[in-house]
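Taken in sequence, the protein lines are chains A and B.
Just so it is clear: in the first sequence, position 264 is 264 by this note's numbering, and no numbers are missing.
Just so it is clear: in the second sequence, position 29 is 29 by this note's numbering, and no numbers are missing.
Among the hints, erroneous ones may be present.
Unchecked claim - Partner residues are not named here, just some residues of chain A that face chain B (Cβ under 10 Å, in silico):
hint, residue
1, E29
2, L30
3, D34
4, R37
5, L64
6, V123
7, R169
8, F317
These aren't lab readings, by the way, just hints derived from the structure by calculation.
Remember, it's a predicted structure, so these values are computed and weren't measured experimentally.
Every residue gets a Cβ at the ideal spot worked out from N, C-alpha and C, and that includes glycine.
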Amino acid sequence: MKENRLPVFSVLDVEKRFLLRKGRNGPVELRALDGVRLDIEEGSSVALVGESGSGKSTLVRLLLGLDRPSDGRVLYDGGDLQQVLSRDRARFAREVAFVYQDARGSMNPRFTIGDIVGEPIRVHRLHPVQHIPQRVSELLERVGLPPSVAVRYPHQLSGGQVRRVAVARALAQQPRVIMADEAVAGLDVSVQASLLNLLRELVAELRVTLVFVTHDLGVASYLCDRIAVMYLGRILETGPVDAILQGPAHPYTRGLLDSFPRFDRPLRAPLRGEIPSPVDLPAGCRFAGRCPCVQPRCTSSDPVAQPLPGGRLVACFHPLSGQSGPT
Amino acid sequence: MSAPRSMQVPAVPATRSGALAEGWSAVWAQRSARWGMGIVLAYVLAALFAPWLATHDPVAQAVEAAMQAPSTAHWLGTDSFGQDIYSRLLYGARLALAIGFGSVLLGMVAGVALGLIAGLAGGRIEWAIMRVVDGLLAFPELILAMAFLAVLGPGVDNLVYALALSFVGPFARTVRSDVLQVRAQPYVEAARLMGVPMREIVLRHVLLNVAPGIVVQAGIRVSIAILLESGLSFLGVGVVPPTPDWGLMIAEGRAFITMAPWISGIPGLALAILLVALNLLADGLRDALDPRSGETR
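So here's chain B without its partners, still in its complex pose:
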């Protein structure tokens, strides 16, 4: 039989882990994404090793050393309570990253579950879920989180719940529309015809093909979460002082902005750099994973 024996397939060893490596190298191939990844990694390391990198106790007050400009004793200066800004910055990174990733993770789990159920069940169940989601989406994220915190009271764990709640809507919405799209694909019907059990169709066929959209969405949401967290703390409804938090630090230095600009300026700058880096990384993820944004895979 004259079957084409000479196959011209690329000589890339593609295995299951290869799919992951492929996606990873697609992210790594982009210069801006590499920068973003490097900076985010630096923040993560700083947060992880904060106890060893810090020069002072982040909550130790020293009235005699208040509002000092950056010096060898206090590398980034001190605030109006005499707390070391460099040390507070490191511990603040801990909080910002933990709240950012934690709230997105929580919101993602709930949102994906709702979106998946709505997209697969259809009918009344879908209608009911999507109306709840519409309700959540009707409020701007900041307002929803503030209302939630006003009820529960401030604190780190409540802040995570509040932010997670504000992310449920967007995740549920995008997952549902992706599920509807994937469900109509012939390979899902083919799997059903082959007798693949429903649970496996959902996990291996539907969820696997919806996953890239979820990852992209999560990447974008992390920076929003950190910004919201700082914003809420700045407004005084988030983390309570003296916890080292960037939003609190910015708020605290606001009154002295002409005399001691470093008190607000330095945490502001740290926040800005982290957000830009996270966005670069998220854009890289999107370009690498989202087939709609150009030729990939």
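Chain A on its own, in the form it takes in the complex:
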């Protein structure tokens, strides 16, 4: 990692609460994020991994400025995101691109693909108007689509093609950061693989910062160099992808890794039960109820993130030290 560089995004103890209803004993709130701290370095690619309901999509919405944190701050380039947005929304909009999970839904159904990909170029005046069709063709070719799709409509393309168009549109604004929410989920494995290859090439070639939300550790490890494992609105473990996959320090990460079907060993289901309700957070460590190595201390006090060698952070009183051998 480069030294002395300001991270692109800094998430400082961010909380996000959603009011469900005003109960008799005070408001009933859902804590989607509860004390999240994360730095995203320039040029890195970070995967946010976790089960459904872990708060990864909420975190991305905060990073994009679509929601405001209830507490804590999000910094972009060292400045408070809300101030950055009110001062120069256009610059932020150009520098940070977002690829939606619902790629088709994120495109105006009455626009042609050419209009869709050309829109950020036109809005940010990145090229003269008469060069836009040419630029759109280049972008479509770059993502592996024939330029002739420019005259089609989103509903005329397949799921994989629409995702490629979404990537092309993100590239069109020449972004500094690309965020993607489950951008390869729900596709055939072959289509998923070619899309992953494309994204990996692009990240390497354009040196953009990538924030990739996924529930798939395999996808995360293929595409990203850092991982943040989220659980119930908090980051349990962060660090370089290889180190974490080789030797997960948090029992939850281990559980996630063991939950993946592999050819060479029988599948265990080490994660018992389901993610608890974020409305009624458990006391102590939030993972204690499902943890295979829970100790009395875990149910009484909440572990804070502590550093491990190799630039890792883990929020656990009894981090696993060994390699990911059989439990």
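Chain A is already provided as a structure; the job is to place chain B on it using the hints.
This is chain B only, laid out in the frame that chain A set:
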């Protein structure tokens, strides 16, 4: 890289004008809509070329030729003032179509603007606009138009305003609900994230996707407008005689319905055929444009 190079996309050249042509051919593909379109077109042509097609002056009275049955001199007969019904019918088509389309256009502009503002602004502004719209919708169209005409007095321009006012409510209501639906779509959020200016989001993203509903709504309203216009004139609060108007003509022949049934019958028939044709066309538009009514686009 193993990108799927062989794309199986249909070989239809779809350009911006292609979207319009696509919608048009979807209307044309329906047999009943084709009939409706043909008949409406015939009425429009008759109205446009009324001065050349008419055999007599539509307001020239001739007492000696009153209440004549259809003949070679008066193709569709004459009324109790001896006015030529065929000529009056042609000029009446002019008035009916002009008032029908004009009032819908006016009501549409006002209603769409109100609905768009209400749907986009939300909060107090939306509440205030929608309460006014509720007030407008509380009156039946005919009653609202009559009340308005009673205040302003009869006449063609007042009739157009009165009818337009009665259409503001329905347009505002449907546009607002469509706007609320479109506004929640991810592509609107995506446009905002991309930094598309607000004005452009409203025009290019929201309005473009609300437009089909507006067109369908307008198509249905035109026939209602013509029916209301004739009804108001029939009741004597719309167009003033001797202006050639179908509603007036029907009212005028009412007293002689047993002796000279053509005086009321012929304009009545003309009106009925036009309304059926307009409805067929509007249904065709709805089926072609409204995604909720089956598989289209």
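Satisfaction of the A:D34 interface hint, Cβ to chain B closer than 10 Å: Given a least distance of 25 Å, the restraint on A:D34 is violated.
Let me know if the C-beta of A:R169 comes in closer than 10 Å to any C-beta of chain B, holds or violated. holds, 8 Å
When the nearest CB of chain B is found for A:L30, is that gap smaller than 10 Å? With a minimum Cβ separation of about 20 Å from chain B (threshold 10 Å), the hint on A:L30 is violated.
Evaluation of the interface hint that places A:R37 against chain B, nearest CB under 10 Å: violated, 25 Å
Regarding the hint that A:F317 lies at the interface with chain B, is the smallest CB-CB distance below 10 Å? violated, 40 Å
Under 10 Å, Cβ to Cβ, is where A:V123 needs to be relative to chain B, so tell me if that hint holds or is violated. Check passed: Cβ of A:V123 comes within 5 Å of chain B, closer than 10 Å.
Grab the minimum C-beta distance from A:E29 to chain B and call the hint holds if it beats 10 Å, violated otherwise. violated, 23 Å
Do the numbers back the hint for A:L64, that is, is its least Cβ distance to chain B under 10 Å? holds, 6 Å
Checked against the numbered hints listed earlier, the structure breaks hints 1, 2, 3, 4, 8; every other hint is satisfied.
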